[in-house]
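Chains as they are written, first to last, in our numbering: chain A, 1 to 114; chain B, 1 to 115.
Source of the hints: derived by calculation from the structure; they are not laboratory data. Positions of the beta carbon are idealized from the N, C-alpha and C atoms, including for glycine. There's no promise every hint is true.
[Said to hold, decoys possible] Partner residues aside, some chain B positions facing chain A, computed with beta carbon under 8 Å:
1) Val24
2) Tyr25
3) Glu26
4) Ser30
5) Phe33
6) Phe35
7) Ala41
8) Ile45
9) Lys102
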Amino acid sequence: NSKVIQTPRYLVKGQGQKAKMRCIPEKGHPVVFWYQQNKNNEFKFLINFQNQEVLQQIDMTEKRFSAECPSNSPCSLEIQSSEAGDSALYLCASSLSGGAETLYFGSGTRLTVL
Amino acid sequence: AQKVTQTQTSISVVEKTTVTMDCVYETRDSSYFLFWYKQTASGEIVFLIRQDSYKKENATVGHYSLNFQKPKSSIGLIITATQIEDSAVYFCAMREYSNTNKVVFGTGTRLQVLP
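Could you build all of it, start to finish, from the sequences and the hints given here?
Take a look at the structure:
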């Protein structure tokens, strides 16, 4: 069973609507990743955090996506204005810091933009 | 640039046999970490096994083992005595020592284990 908790499991939005999803990383894991997995199984990196600080993010994330990992609250990823192309499985993963550390994934939020 | 390639999109095997899934990677780092994950039909992603680039010995965990061929930048996953419940999509991933903020995934190999 995933120790990384993602909610909601499914999310349906109309184009232009906001879409927000949450992630509680595994206890003690300071690093959180967000990926978008499309129907071709491709993992697209969106953003990652160490504690509350952004480590890296892609351009798309900077413009239409917002994300945060506040202390003592779930991490969140929000799409400000959903587009049809945003329909995908959004995966949150956490890990200890360090290259040898594996990622532990949540069950994902499947977003459908109508 | 970091890249991970899985060329096999789908494999079918009969249960109790052995299967090998291929993965090749590109990196400029001399030190890196290679991972295999399994994604079930429900979407759950589970870590299976890891190979550290500096280790010559192939990693083994349960009925999973790796065929690490560093000169070929290749890290194959071997599943012995396959079971029906091994049916899933298998992903290879890499994390570089110099840039642990980035984890790059292949596009996966779908394994179907038939009775």
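Now for the hints, and whether the structure bears them out:
no., hint, result
1, Val24, "violated (17 Å)"
2, Tyr25, "violated (14 Å)"
3, Glu26, "violated (16 Å)"
4, Ser30, "violated (12 Å)"
5, Phe33, "holds (5 Å)"
6, Phe35, "holds (6 Å)"
7, Ala41, "violated (12 Å)"
8, Ile45, "holds (4 Å)"
9, Lys102, "holds (7 Å)"
Hints 1, 2, 3, 4 and 7, counting from the list given before, are not met by this structure.
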